[in-house]
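Student: Each chain, letter by letter, is given below.
Protein chains: 2
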Amino acid sequence: MRASPEFELIAKIRERLARAGAGSGADAPERIRLGAGDDAAITVPGGATATTIDATVEGIHFRSGWCPPHSVGRKAMATALSDLAAMGAEPGEAYVWLGRPPWLDPEGVLELCDGLAAVAAAAGVAIAGGDLTAAPELAVSVTAVGHAPAEADFVRRSGAEPGDALCVTGALGGAAAGLMLLEHPDLGGEEISAEADVAACQRQLDPRPRIEAGRLLAGAGAKAMIDVSDGLGADAEHLAEASGVAIEIELERVPLATGVAEIAAAAGRDVYEFAAGGEDYELLVALPRAGLERAAAILEPVGVPLAEIGRITAGRGVRLRLPGGRSLPMTGYDQLRS
Amino acid sequence: MRASPEFELIAKIRERLARAGAGSGADAPERIRLGAGDDAAITVPGGATATTIDATVEGIHFRSGWCPPHSVGRKAMATALSDLAAMGAEPGEAYVWLGRPPWLDPEGVLELCDGLAAVAAAAGVAIAGGDLTAAPELAVSVTAVGHAPAEADFVRRSGAEPGDALCVTGALGGAAAGLMLLEHPDLGGEEISAEADVAACQRQLDPRPRIEAGRLLAGAGAKAMIDVSDGLGADAEHLAEASGVAIEIELERVPLATGVAEIAAAAGRDVYEFAAGGEDYELLVALPRAGLERAAAILEPVGVPLAEIGRITAGRGVRLRLPGGRSLPMTGYDQLRS
Chain A
46 MRASPEFELI AKIRERLARA GAGSGADAPE RIRLGAGDDA AITVPGGATA TTIDATVEGI
106 HFRSGWCPPH SVGRKAMATA LSDLAAMGAE PGEAYVWLGR PPWLDPEGVL ELCDGLAAVA
166 AAAGVAIAGG DLTAAPELAV SVTAVGHAPA EADFVRRSGA EPGDALCVTG ALGGAAAGLM
226 LLEHPDLGGE EISAEADVAA CQRQLDPRPR IEAGRLLAGA GAKAMIDVSD GLGADAEHLA
286 EASGVAIEIE LERVPLATGV AEIAAAAGRD VYEFAAGGED YELLVALPRA GLERAAAILE
346 PVGVPLAEIG RITAGRGVRL RLPGGRSLPM TGYDQLRS
Chain B
46 MRASPEFELI AKIRERLARA GAGSGADAPE RIRLGAGDDA AITVPGGATA TTIDATVEGI
106 HFRSGWCPPH SVGRKAMATA LSDLAAMGAE PGEAYVWLGR PPWLDPEGVL ELCDGLAAVA
166 AAAGVAIAGG DLTAAPELAV SVTAVGHAPA EADFVRRSGA EPGDALCVTG ALGGAAAGLM
226 LLEHPDLGGE EISAEADVAA CQRQLDPRPR IEAGRLLAGA GAKAMIDVSD GLGADAEHLA
286 EASGVAIEIE LERVPLATGV AEIAAAAGRD VYEFAAGGED YELLVALPRA GLERAAAILE
346 PVGVPLAEIG RITAGRGVRL RLPGGRSLPM TGYDQLRS
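Chains as they are written, first to last, in the numbering used here: chain A, 46 to 383; chain B, 46 to 383.
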C-alpha cells in the first residue's frame, strides 16, 4: 500500500521550519550539507555522535483534549532532546516522522511543526529530515543526533561507583501533578492556586530539556547520567543496573516543583507519588562526592539548582527511603502507589 | 502522561536483535561504540553520513489481515534502507520506534523485530537504538544512517542535466499488482498462475532495497538518483524538480515485474497503472548517455538489470508517454487512472 503523499503540505512545513530557524537553510550549522527534501539528509559530523529515537503518541503520552498540536510538537521534540542532555551532548540535528490522523487539519499540522521548531531552534537543533504520513491517531517520532569532540566526552549510564553522590537537577513532581490536574479538571477548584495550576500543567505540557546543564555536568565530572522520564525509581534502577551498583534515595531530600504540595493535598495523595512520577525531564547524575560543590557552582550561572538526594553503594537495586524511617524497594510510580 | 515501560520485553528484543546479527554486540562495526540501552547510542562516523526517517503504519502502508508482523518488520526496515540505496550510501545503523497496539502479543512484537533484524543484518546494518511504546494501531518508524568517505560520494536528486539518460533498475509494477491481489483475494482465481501470485505479493510484502546497486551506480557516475516509492511519475517529478529539468519516460520501455501482465489482464487494468504504482523500491537514475553501457556492465555481476526508459530534457515537468503516441503530463498513479 502506498500512502497518499501530501506534497503541498510538506512544502509548507519546510518553509515554516526554515522560518523558525529549525530548518536547514543558509544559517544551518556547517555540519549539515543537505537538509530535508532529498532521499536522505547529508551531514559531516566530525567527532562522535549520540543518537536517540523517541515517540509521542495520542492516548499514551497525551490526549488531544488537553494537549493542543503546538504542545504535542514541543513535548515530542523536548523529550527526544532530553536524551541528548542526559549524554552531555551538543544537540545537532533532528529527524521527525509525523503520523497525521484524519481529524488534524493542515493548520493543526503546521501548529505542531511550529511547536517542534520552537523547541529545536531554542536548542540550536536543525530539523534536517522528516516524513509525513496518514495515521489512525496522532503520533510523532523524533530521532535526535547530538555531538561531542570525542566518544569519551559523552556521559553514559554505566559509570557510577560506590561512594558517589546521586544528585538531581531542578525539582521533581510537577509533570505528574500537572497530569493529575489535566486528567481531572474538576479537581481542587479554589483549593488549588492559579500559580500551582499553571506551573504544574506547564511541566506536563512543556518540559524543558536540560541541555546546557547536561553539558556542564559532563564537563564537571559526571560519572553516570540519565533523564527522569519513566519515574525516579525506574530511572535510578536503569542507572544502577547499567553501573552494577545499588542506589539509595532519601525522598525527603528531593526538591518538589512549584504546586506539587498543594495539588497533592487537594488530591489526597502523597507528594512523593508525584516526585517519583516521571516526565519531569530533569537529570539524575552520579558525581564523585569531592566534586559536588564544584558541580553545583558550575550550574549556578545557568540557574539550574543541583540537589544531593542519595548515594551509590555496593550491591544491586534501588531503595527509595521515605521520611520516618520506612524504606521500600521499588521500580517506580506504580509500586509506590500500591 | 507516561507510557508504561515494558522492560522485560525490551530485554528480549535486544537479545533477539543481537542474535540476528543486527544488534550492537561484539561483532558490530567499529563505528558503533555504544548500542541500545543507554539514553542514546554512540557512534564515531568518520566521513559523511546520510540520514533518513520513514514510517510504516497499519491501515496506511499495510493491513494486518494480509501482512503478518514479520513482514511488517521486513518492509519497515527495507523502505528506510531503500532511501540510503538511493543516496549510494553504505548502510550503517538503524534506530527504530515500535508502536505496539493492544492486540499485538509479545510473540508478535518479537516476530516483527525478527523481520526488522533479518533485513538489517542482510544489509550489514546494526539496530543501534529503539523505543517501544503502546499505540492505538501498529506503527513502526525507522531512522537509517548510511555512510560514505566524503559528502560528494552521495548521489542527490539534483544533479540531472538535459541530455542525460533516465534508467531504472530491475522491473516495476510488482508491488502494485501484489497489492491488488492482497486487497481483492477473490480476484482472478484460476486465471492467475501461482507464480504470478507469489511473485507479486512478495514484491508488495517483502521489498528488497537496492543497496548494492545504489553504491555501484554512485561509483558508475550516477548524476541523480531516487527510489521508486511514491510512484514512477511522482518520483520522476521529485527528481525533475530537484534538478530543474524535464523528464520524458516511454512507458513501453519500462520492464514489467513477473506476474504484472497476468494480474492486470485478470483485473481488467492497464499494465502501466501497475508499472507507475510505486512501492517497487527500484532505483530511478540519471546517467550521462556515454556512461550507460559501463553502468549496466558494472551492475551485471550483482544480477541487477538496468533499463533505459527515458531522457532528461530542458524544461519542467514529467511526461509519461504511452504506446501508440499518446502522452500525458502526470504526477503518478492517481492521474494515470483518471
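None of these hints come from the bench; they were simulated from the model.
Note that the Cβ used here is the ideal one computed from N, Cα and C, for glycine as well.
Treat the hints with care, since some could be wrong.
Unchecked claim - Once the Cα atoms are required to be at most 20 Å apart in a straight line, the calculated SDA-like pairs of lysine to any residue come out as:
id : chain 1 : residue 1 : chain 2 : residue 2
1  : B       : K268      : A       : P151
2  : B       : K57       : B       : G82
3  : A       : K268      : B       : G82
4  : B       : K57       : A       : K57
5  : A       : K268      : A       : P207
6  : A       : K268      : A       : P151
7  : B       : K57       : A       : V349
8  : A       : K57       : B       : G153
9  : A       : K268      : B       : D242
10 : A       : K268      : A       : V349
11 : A       : K57       : A       : P151
12 : B       : K268      : A       : R78
13 : B       : K268      : B       : E293
14 : B       : K57       : B       : G153
15 : A       : K57       : B       : E293
Unchecked claim - Rough simulated footprint, nothing fancy, chain A against chain B, three-plus residues with beta-carbon under 8 Å:
id : stretch
16 : 102 to 110
17 : 129 to 141
18 : 162 to 170
Student: Of all the hints given earlier, name the ones this structure violates by number, lowest first.
Tutor: 1, 4, 6, 7, 8, 9, 15, 18
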